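Engineer: For reference, the chains in residue letters:
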Amino acid sequence: MEQPLLDVQQLTKHYPLRAGALHRLLPQRQTPVLRAVDGVSFTMAPGETLGLVGESGCGKTTTGRLILRAIEPTSGSIVFGGQDITALHGPALQPFRRQVQIVFQDPYSSLNPRLTVRQSIGEPMLVHGLASRDEVRHQVNAVLEMVGLSPEYAERYPHEMSGGQRQRVGIARALGVQPQLIVADEAVSALDVSVRAQILNLFVELRQRLGLAYLFISHDLGMVRFISHRVAVMYLGQLVEVGPAAALFASPLHPYAQALLAAIPRIGDGSVSMFDHTERLLAGELPSPIDVPTGCRFYDRCPYRMDRCRQAAPALRAVDAERAVACYLHT
Amino acid sequence: MTETLLEVRNLRVAFHNEDGMLRAVDGVSFGVARGEIVGLVGESGAGKTLTAEAIMRLIRCPPGRISGEVLYRGRDLLALDEAELADIRGKDIAMIFQNPISSLNPVFRVGAQLLEAMTLHLPARRRTLRDRVREIFTHVGIPSAERRAQDYPHQFSGGMCQRAMIGMGIACTPSLLIADEPTTALDVTIQAQILALIRQLAAELGMAVLLVSHDLGIISQMCSRVLVMYAGQIVEEAPMATIFHAPAHPYTRGLMACIPDIEQVPARLGTIAGVMPGLRDLPSGCRFHPRCPIAEPHCAVAEPALRALDVTHRVACHLARRE
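First to last, the sequence lines map onto chains A and B. In short: position in the first sequence from 1, add 172, done, that's my numbering. In short: position in the second sequence from 1, add 300, done, that's my numbering.
No lab work stands behind these hints: they were computed from the structure. Computed from a predicted structure; not experimentally measured. Among the hints, a few may not be true.
Simulated restraints, written as ranges between beta carbons of each label pair [what the hints assert, rightly or not]: (1) A:H261 with B:P566: 55 to 61 angstroms; (2) B:T428 with A:T203: 46 to 52 angstroms; (3) A:V205 with B:T428: 26 to 32 angstroms; (4) B:L422 with A:S423: 49 to 55 angstroms; (5) B:I594 with A:Q271: 26 to 32 angstroms; (6) A:L298 with B:P363: 45 to 51 angstroms; (7) A:M478 with B:L422: 44 to 50 angstroms; (8) A:R489 with B:T428: 56 to 62 angstroms; (9) A:S423 with B:M321: 51 to 57 angstroms; (10) B:G574 with A:G456: 41 to 47 angstroms.
Glycine residues also receive a C-beta, built at the ideal position from the N, C-alpha and C atoms.
Please take these sequences and the hints and turn them into a complete structure.
Structural biologist: In structure tokens, the structure reads:
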């Protein structure tokens with residue numbers, strides 16, 4: 173097997189919560205901990221798109237930030253292109269920072285309103301020494317063209333552009349430093365459907381042209397299905413299922429993945445409604461990531477729960493060459 | 301023919317500012333029958349929310365100006381005085397909003413807010429109403445109703461807040477519920493719970509629902525009839541089956557093609573070129589013509605009226621033909 177582009181092992185991020193006055197008086201009690209990401213492992217091949225799905229608070233965004241080294245992991249390792257970057261700091265991280273870029277959700281707040289498009293896209297090129305001041309002009313134009321904007325947009329400010337155009341600029345800024353991996357964190361969620369489709373198509377085009385890998389983080393399962401080669405489903409800080417997009421969507425194995433897919437309102441002709449079969453819908457809400465139970469985290473909401481599930485959490489195990497699931501029903 | 305509960309005729313919402321007049325909702329007409337769930341779908345800026353708010357007269361005037369007619373059981377809501385309107389709002393027509401957490405007052409207990417809404421309209425002793433609060437909480441699926449009624453909104457999750465808002469909406473058994481993007485702020489599994497609840501309550505109470513959403517998937521799972529809005533106007537109105545199998549307006553067709561399905565995955569998504577025009581620079585003629593793949597020169601000149609293709613299907617396009 174070829175070397176993975178990204179190999180994440182047992183990645184964990186715990187946030188200790190500041191204890192109240194009572195806690196400080198009782199030092200023997202432990203500070204409560206929020207387990208945002210709790211032992212996440214996966215790999216990505218070069219040029220592959222991995223969709224990371226889950227509901228809000230499940231740790232998708234934190235996972236993305238950890239991979240970017242925007243926040244420090246509590247434990248675990250991140251190996252990128254064969255190099256362990258978990259322990260690197262400062263200038264040693266610079267080459268890695270160029271190769272992994274992010275596209276944010278909100279095209280309104282992710283661009284500096286005081287910089288022209290040319291400055292926003294050109295600055296990272298200069299920082300990483302990819303272009304001299306003279307070359308930047310030409311390179312910004314080239315990358316704008318790549319995202320479907322004419323060079324005249326380079327002199328504009330963000331407020332002069334629509335949401336879709338700004339998101340193109342956000343993508344151009346990431347592309348400018350020739351990354352291998354782009355973390356797209358809800359990158360099209362803020363856009364209207366017609367514009368969203370344009371941007372999703374652009375992501376696909378760029379992937380074909382440049383061989384980019386995407387970690388596509390989203391709560392919108394339709395979009396994830398469209399763009400992803402493989403999909404990872406996250407619940408309360410852990411991966412519960414990973415597999416090829418087509419197989420996972422056709423026959424999800426984990427009860428949570430099944431419930432999640434069953435909850436998507438798909439376009440139909442209105443003759444039947446999924447909302448008439450309430451017994452098939454998942455009851456309850458996402459529990460708090462503070463004080464998580466010892467057993468399976470989905471236990472309370474799971475329609476198939478067994479005694480065993482409460483005692484020890486099932487690990488993510490391979491069920492065949494391509495699919496893995498963390499559930500005793502399958503492993 | 302079923303009884304018409306709400307009839308909106310030629311509704312317009314305009315705003316005056318230094319640039320002149322902005323026509324945000326421009327000549328919208330539709331009806332809602334008793335017990336029917338009607339979907340109002342469109343992208344942001346299409347005027348869906350303003351249409352819903354104008355029905356309840358929730359738009360500050362000035363700067364806004366609402367004209368046309370909103371007939372509720374034959375009475376024009378736009379012609380009523382504040383006292384008469386207050387009698388209908390919340391009692392006959394209730395509304396729930398997109399962001400349930402900010403719709404509740406953070407400094408009062410959730411139960412007390414529900415109680416307040418009921419005391420306004422229901423002549424009954426507080427004691428009886430308190431029992432009713434508990435009943436409603438149970439009805440909308442809030443567990444341990446007695447205890448949760450004593451909670452403050454911040455102790456509720458988003459889904460629970462929306463359940464409380466729905467409870468407040470149905471407290472006086474209204475005949476029409478206007479739900480403006482009721483699940484947009486919620487996660488998909490919670491969204492499914494809330495939509496199922498709305499559907500169930502509508503059936504139980506014989507309540508009509510005007511569901512405003514940008515999500516055609518939600519609309520198709522909830523509604524029998526759909527209104528498609530674009531740039532302040534209704535461009536197509538049809539039963540959901542027609543919208544799905546034979547959409548007539550190029551915008552509706554484009555919208556359907558844009559949405560990725562989880563079973564049939566195309567190599568590329570369909571797109572609609574460009575973006576919805578701003579209110580300051582509405583195109584002449586058909587408002588969709590600059591983005592329309594089949595536009596003809598005529599479309600840039602004459603504005604198409606909403607005309608009937610058949611009894612249940614209306615479309616505002618010069619080029620749409622009966623299938």
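Engineer: Could you run down the list of hints and mark each one as holding or not?
Structural biologist: So, going through the hints one by one against the coordinates:
1. A:H261 with B:P566: 55 to 61 angstroms: violated (44 angstroms)
2. B:T428 with A:T203: 46 to 52 angstroms: holds (48 angstroms)
3. A:V205 with B:T428: 26 to 32 angstroms: violated (47 angstroms)
4. B:L422 with A:S423: 49 to 55 angstroms: holds (51 angstroms)
5. B:I594 with A:Q271: 26 to 32 angstroms: The hint (26 to 32 angstroms, Cβ to Cβ) is violated, given that I594 of chain B and Q271 of chain A are roughly 45 angstroms apart.
6. A:L298 with B:P363: 45 to 51 angstroms: Between L298 of chain A and P363 of chain B, where Cβ atoms are some 46 angstroms apart, the hint holds.
7. A:M478 with B:L422: 44 to 50 angstroms: holds (48 angstroms)
8. A:R489 with B:T428: 56 to 62 angstroms: holds (57 angstroms)
9. A:S423 with B:M321: 51 to 57 angstroms: Since the Cβ atoms of S423 of chain A and M321 of chain B sit about 56 angstroms apart, the hinted range of 51 to 57 angstroms holds.
10. B:G574 with A:G456: 41 to 47 angstroms: holds (43 angstroms)
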